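Novice: Here are the chains, one letter per residue:
Number of protein chains: 2
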Amino acid sequence: MTQLLSARKGGITPEMKKAAAAEGVSPETIRDLIALGHAVLPANARRKKRSYCAIGRGLTVKVNANVGTSMDYPSPENEERKAKAAVEAGADAIMDLSTGGDIPAVRKRLLEAAAIPFGTVPIYQAAVEAVRRPGSIIDMTPEDMLGAIRRHAEDGVDFVTVHAGVTTGAARAIAESGRICGIVSRGGAFLAEWMAKNRAENPLYERFDEVISICLEHDVTLSLGDGLRPGALADSLDEGQVTELMALAGLARRAREAGVQVMIEGPGHVPMDQIKAQVELEKKLCDGAPFYVLGPLVTDIAPGFDHITSAIGGALAAWAGADFLCYVTPSEHLGLPDEEQVRQGVIAARIAGHAADIARGLPSAIERDREFSKLRAARDWKGQIEKAIHPETARRVRAASKPSDDKVCSMCGPFCPFILSGKPGRKK
Amino acid sequence: MTQLLSARKGGITPEMKKAAAAEGVSPETIRDLIALGHAVLPANARRKKRSYCAIGRGLTVKVNANVGTSMDYPSPENEERKAKAAVEAGADAIMDLSTGGDIPAVRKRLLEAAAIPFGTVPIYQAAVEAVRRPGSIIDMTPEDMLGAIRRHAEDGVDFVTVHAGVTTGAARAIAESGRICGIVSRGGAFLAEWMAKNRAENPLYERFDEVISICLEHDVTLSLGDGLRPGALADSLDEGQVTELMALAGLARRAREAGVQVMIEGPGHVPMDQIKAQVELEKKLCDGAPFYVLGPLVTDIAPGFDHITSAIGGALAAWAGADFLCYVTPSEHLGLPDEEQVRQGVIAARIAGHAADIARGLPSAIERDREFSKLRAARDWKGQIEKAIHPETARRVRAASKPSDDKVCSMCGPFCPFILSGKPGRKK
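Residue numbers (this note's numbering), protein chains in the order written: chain A, 107 to 534; chain B, 107 to 534.
In case anyone wonders, no lab produced these hints; they're calculated from the structure. Do not rely on the hints blindly, as some may be mistaken.
Any copy will do: because identical chains look the same in the list, a pair fits if it lies in one copy or spans two.
To be verified - Simulated pairs of lysine to any residue, SDA-like, Cα-Cα distance not exceeding 20 Å:
#1 Lys508 to Gly207
#2 Lys382 to Arg466
#3 Lys154 to Lys488
#4 Lys508 to Glu445
#5 Lys190 to Leu203
#6 Lys190 to Ala211
#7 Lys382 to Gly467
Note that this is a predicted model, so its numbers are computed, not measured.
Using the sequences and the hints, build the whole thing.
Specialist: This is how it looks when you write it as structure tokens:
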């Protein structure tokens, strides 16, 4: 029985208890959110010895880190290192997007390395296998696509991205819209190519009941992919994107009715002034389903710094109600990230999520900053470093710009405002 | 005659023409904004061979980079290198905050090294000189404070931070408010200490007419400092901050009436949900004077990443109407930044400003992203690198994760969505 079916019957599962404890809320809160479809608790029944978290309305914003091999960088060792770096940096979930090397072996390895909620995009494997047969992406069969989802589910994957909303209608809207960046999602591009060449509807859309049935069996959470997300600010909220979102809304309803947990994936590249509309549109159309955004990036022109462009957008999106931030690393748009870039991406997204938690009024988030500021005012450097979002970085930066007097920092030195005036407790 | 007095008489100065050309607007637009006090054009009449920019309503968001020696790092060479790095990274203005070594010599050197609008905080020099006499900060005389402003003005400094709003009343509000982080501005802390020990009002407040007269003589733009800005999220918009802001509003009015250009400095540490209120309060109270914000940082807990926390806050502030972003580097709260941290700080603030320019609907900003996205869709790597916000970084990141096929990147390789589908022009 899925977490959703249990919740609907009023049951509290061990996974709900664990997620509630991690969140600092009651299991009943988690259960009720899941029952409404306003939160998901990715928890493949086959996968043990791992942590759980709930993602959704009113809960702390969660962060996902993408790792995975590519054709150019197929080493499983590297990806394992990155996965561990992501976990250490505080990622709440991880996705394996491998397209190179022995994909099932990499997945198995990463599932063991990262004991946190774990997602994949099964169509990547189906596409790579079709190419290797040899053939091309358009030689994938519907069975290949569904089979990949089944194999991932059986491996213990907690959530899968399924681009079931890339319908012929939505793809046509893109083709006819004069979009600048066309289709920027790999899954979306695979399917659009497949549909165009095979003159057929998206099998994941046509056979969505089979997708539901696989997910139901293993309690795999469906992450309905936005294969037609905008990849340029100019393409945000265009007809293609909205057509797909409306298709996803209908699919989400069907999945939930069947008892499958669902979240909705969102953009992408969005100007700051459209972010709130993006979030509110998703929440309204999809009956409050958790919103899982990639970024969004608030400018197109900053390759090398897209962890920052997406921290700005992610903070705004999460403040507006997005629940789950997919990190973006500094190497986005330029190449596969290395371990350090993975770390930077996770931390930037965590900052965005935390800033939004504060803006949303979450008492635990507000309290964390308050306590931290007390350490700052007391010039408790050890405490500040220990409680910083990434202690290792804080320690390294301070050590690199060493003060002659370790009670202060090397910027103000003896002119430290905390020494001069305004000390805490000065009033008394 | 100051730019403001010229503008009020309807005159268009050579500096207005240069600033207008740099901005891509008409000189009349710049003139009218200056005349209203809604923009400033920092342009010390003594300083030649440099660029100009206008800062204010409806113009592109500008970025300032702070450099300057400290007691622990007094080397002028280092600061010159940082100043050049800031200019190369695209800073629109620079401030010399030196408190170590031969302060006048450093200033002269930096004024030559950075041919862009240049600001200082004269009270730093007054305080350091008082300590060196030897003595302590409370031994500064009012003449020391005013004399430092005069000397900076005579050296050609374009804008000076003057903490004239740190009145005894405002300092009392801080002391009585139970603030977590007290006074975090050095200038504010110097003055609060001075007032408390000397049992006297802030000389910069009491003798503000003399400040005005110095600025008028050399057309130094006044940057009215927020010496009592919040240094913790919990302290944002508290009584002390607002008391000072109201004092600044009155001082700004007096300065403008006399013909001195004025901008207002703002926080600091502010939760996302209070940023708009901060900006709107300043704009309302200060009759639309340009708002120059430090950050704001949207969380307290991320030392080592405060270029990111302040990029989030800066983008939001600028979208809400802030005009000028003071960068924050990754070393903020930990030590004096090095050259690379200066570069990172400038770029992060530029990203924030540009994202806000887009959200504010500035056609040139929107167009830049549109053109960039066309290069991306065409997989024009050379073009993307050349037009990126920091070409050197984009080039380095791409080279470090080299693809085997240089038509794509190493993340997607042959599965590049731009190859597969959605190509620009596919429709035709």
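Novice: State for each hint whether it applies.
Specialist: Status of each hint after checking the structure:
1. For the homomeric pair lysine 508 and glycine 207, the shortest alpha-carbon distance between copies (17 Å) is at most 20 Å, but the shortest distance inside one copy (45 Å) is not.
2. Both within a single protomer and between protomers do lysine 382 and arginine 466 lie at most 20 Å apart by alpha-carbon distance, with minima of 14 Å and 15 Å respectively.
3. Taking CA atoms no more than 20 Å apart as the test, lysine 154 paired with lysine 488 passes in neither setting, with 37 Å inside one copy and 48 Å between copies.
4. In this assembly of identical chains, the alpha carbons of lysine 508 and glutamate 445 lie at most 20 Å apart only when taken from different copies (15 Å versus 27 Å within one copy).
5. In the homo-oligomer, the alpha carbons of lysine 190 and leucine 203 lie at most 20 Å apart inside one protomer (15 Å), although the nearest pairing across protomers, at 41 Å, exceeds that limit.
6. In this assembly of identical chains, the alpha carbons of lysine 190 and alanine 211 lie at most 20 Å apart only when taken from the same copy (17 Å versus 50 Å across copies).
7. In the homo-oligomer, the alpha carbons of lysine 382 and glycine 467 lie at most 20 Å apart both inside one protomer (17 Å) and across protomers (16 Å), since each shortest distance falls under that limit.
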